Amino acid sequence: MNEKLTDEAYARAALTYLAEPADRWLAQLIRVSSAAGALDAIKGYRAPVSGPPRTKAGMAMMAAMERWRTRLSELPTPEDVLSFRESGIRLITPEDPEWPGQLADLGEDQPYALWLRGSADLRFNCLRSVAVVGSRAATAYGAYVAAEFGASVAARGVAVVSGGAFGVDAAAHRGALGADGVTIAVLACGVDVPYPAAHAELFDAIAAQGVLVSEWPPGRHVSRLRFLVRNRVIAALAPGTVVVEAAARSGALNTARHARDLNRRLMAVPGPITSDLSAGCHQIVREWQGTLVTSAAEVIEYLSPVSATPMAEAGAGQTTETTHTEQTAKADKPSARRLALSVLPRDQLDLDSARVLDALPRRGGMGTVRLAQRAGLAPATTATLLGQLATGGFVERCDDGWRLRRT
Amino acid sequence: MALARTYSVALVGVRGHLIEVEADIASGLPAVILVGLPDTALREARDRIRAAIVNSGETWPNSKITVGLSPATLPKRGSGFDLAIAVAILAAAEALPVDAPAGKMFLAELGLDGRLRPVPGVLPAVMAAEAGVDTVIVAAQNVEEAALVPGVQVIGASSLLEVIVWLRGGPPPSPSLDPEPSPGPVPAPAKSKKLDLSEVLGQAEARLAVEICAAGGHNLSLLGPPGAGKTMLAERLPTILPALDVAAALEVTSIHSVAGYLAPGTGLVTVPPFCAPHHTASMAAIVGGGSSVIRPGAASLAHNGILFLDEAPEFHRDVLDALRQPLESGEVVIARASMQAVFPARFTLVLAANPCPCAKTAGPGKTGCSCSPAARRRYLARVSGPLLDRVDVKVRLQPVSRSDMLYDRKFAEPSAVVAQRVVAARERCAARFAGTQWRMNAEVPGPVLRRSYPPKATALQSLDRAMELGQVSARGADKIVRVAWSLADLAGADQPGPDQVNLAIGLWLGVPN
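Order-wise, the sequence lines are chains Y and B.
Residue numbering for the first sequence follows this note's numbering, beginning at 13 and increasing consecutively.
Residue numbering for the second sequence follows this note's numbering, beginning at 4 and increasing consecutively.
Note that these hints are calculated values from the structure, not bench results.
Predicted model only: the values in this text are computed from it and were never measured.
There may be inaccurate statements among the hints.
To be clear about the criterion: a stretch of chain Y counts as covered by chain B if any three or more of its residues have a C-beta under 8 Å from a C-beta of chain B, and this derived list gives those stretches [as the list claims (entries may be wrong)]:
#, stretch
1, 187–199
2, 391–400
3, 411–417
Here are some, though not all, of the chain B residues that point toward chain Y, as calculated from beta-carbon distances under 7 Å [claimed, not checked]:
#, residue
4, Asp411
5, Asn505
6, Leu512
Where a beta carbon is used, it is the ideal one built from N, C-alpha and C, also for glycine.
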């Protein structure tokens, strides 16, 4: 963001003060006459260019403008908007490089602008991210799963996107923070408003390591409806959404519905069929063709496009030259689940590792020294290679030493 | 008739406390009154001293003699005060110059004929003397041990008479004439046969594990059938450990001295001790204790060395669990109603176990073992989880065939070669931990290891993978990183690389947990 505020950016900031997000009328107005034009029109300097005033639509537009005008007293000056930067709050609009392009999928519901607080880059981190949502009144199971998933995906360089509520939201954030990962909280109030108040510290921690996002200007408080409106942003920001625990009628399910409608990858964590809090998750799997996930690895696997980085390499968070060859080798194989277990395809093993693997008997186990003997390698080298092969899922320990892993 | 003062030492654990010995001779009915919490052996000193003084040709003062040992509240035990009391009485009787014994410390038992006999615990006792005493007089057999303490003049004597002559201004005693042979327990026999790590053929992995333990101070667990070489390996661990430095050697020598295991003329113990108690050992034998005399146990005797528990599951469970505290804090605190003794006990624990109570699981086909899996599990579960938590390296040994041994022959290195690597690794490690409280990788707690000494992310790739596959738990990961650091130290690398991490994983996966 540069020091100066363009008219358009200021107008968008101002519109977040005047209108509630996802107002179709305002979206139309902006589309037709740009944000600056819309703001001028609302201020009453000139009539909106769109639509003949006599039609039904024209009447509705006029009513909408009247609605927005009631808030004109709250309108900030451009200086006010700029001064938020001193408290670490920045504004991004679709013209900004940090604007996440995937929000365009929302069509007319796209946010006019976003207020951000935090160090992380929103667009960059949302490219590799997953939304983890669920019930506020999560059970111990739900909180555990959310934290575990949050930590595991964050550790592999995938950002967590969630709300700011108790339960699953907070657990997912805390998990990601614990793994030193990036986490993104989309709030239904101003980014400087700690709601719930008990999460003030959590939000500060997120701002330090990730980013807080809101469509509402600083200082705005929550309302019941705003949570539902906010959910579409969560679903749109992340390429995939995991629902950890959700009741049959819940905000999380609302997010999931948005994710489905936006063609995002929808995942659900199963729970006991007797638990009301898992009913929503099961509904996602049964009726909405959501994917059932039981581990963070499965989440990542499902999120990655066929040609993208396989899970093991993603774990290191960096690509080396070898991983590229492995990627191409992997992309050809159809069975993703199987590949997830044997991370290095057998063909890609270096010569010594392959020798050790060949030295293993078809059935039963064998001690390290005897394997070294059969492979013609030093025992210490063999032990190292066996450790490597074990982490690749090729071999495992048994009473007699090492044996081939059953596939 | 006057008052005379001198010094001796009371031991609590391995700490010596300077004791002022006062003798007062006053008019009254002839009697000897000993005050200051003496135990039986010390109370009997009256009779020994009287006989020794008379048999040395001196006159026994026929008056009321009061001997005070202060601080009076500290319990005192043993016969080491004999000489100090005798000298104080003689000085009080003006048979010696009254000031002659002042500022000197006397530490020996008296024979009835006036000979000086050695006492255990001379080294820690003399260490206490540094406080305010410049000369220490001990029995001739204890001279060598007492002389280990720098800055104190040590005089050895063989009889009370020699001491009397010297205190009267005569020549100092010359102890080398005919020293009394040392009584007391037979000291631990020095290993006559020379052990070498290269003799353990066919167990390359286990040899490596032993090397890692020596380098990083890790505790070791060896699980394998009889005859696989568990005991051989453990016995050879001391041969690759670096010699003790002076401070450590003094600690070790003190403990062995207190226990009475120091052979006369041994001097400083510089070889790391190896202590292998039998599995029927009692709690007191392992951690130390005793009702009247608090003696160090095997855990303290293994201080700065190896404590080897062969057949670990056969030990009493409470005895094994009692080791948790010394493993945590590096010392044993034994509390009694009257006192509390602290013995250092920072040892490397080596556990060995058969995989099964019948010990017949050896060989292909596992002939002869009829134990149910539950019985085997129960057997191994007798070594409690918290204890195993302190063990970083666990090796599963396989029975060795002839061809294994032949093949391994060219890879087996002699102890001297391995020891050099271990010394270099320890130096590397010490340089890294300079300025911290830790000396070895095994001592660094997991959170600190993760925060302050994290290996590079590239090195940890395979560990991440193993954790994803569920092969390694978070607790296991800490241990793998710790062992990888020791491997890096051994390899002379600044940081554990992928090879070290892979090897550490390979070793760790040998553990059925």
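Status of each hint after checking the structure:
1. 187–199: Coverage by chain B is violated here, the residue count being 0 at a Cβ distance below 8 Å.
2. 391–400: Three-residue rule met by the stretch 391–400 of chain Y, so holds; n is 8.
3. 411–417: holds (count 3)
4. Asp411: 5 Å, holds
5. Asn505: Where the cut-off is 7 Å and the nearest Cβ of chain Y is about 4 Å from B/Asn505, the hint holds.
6. Leu512: Holds, about 5 Å.
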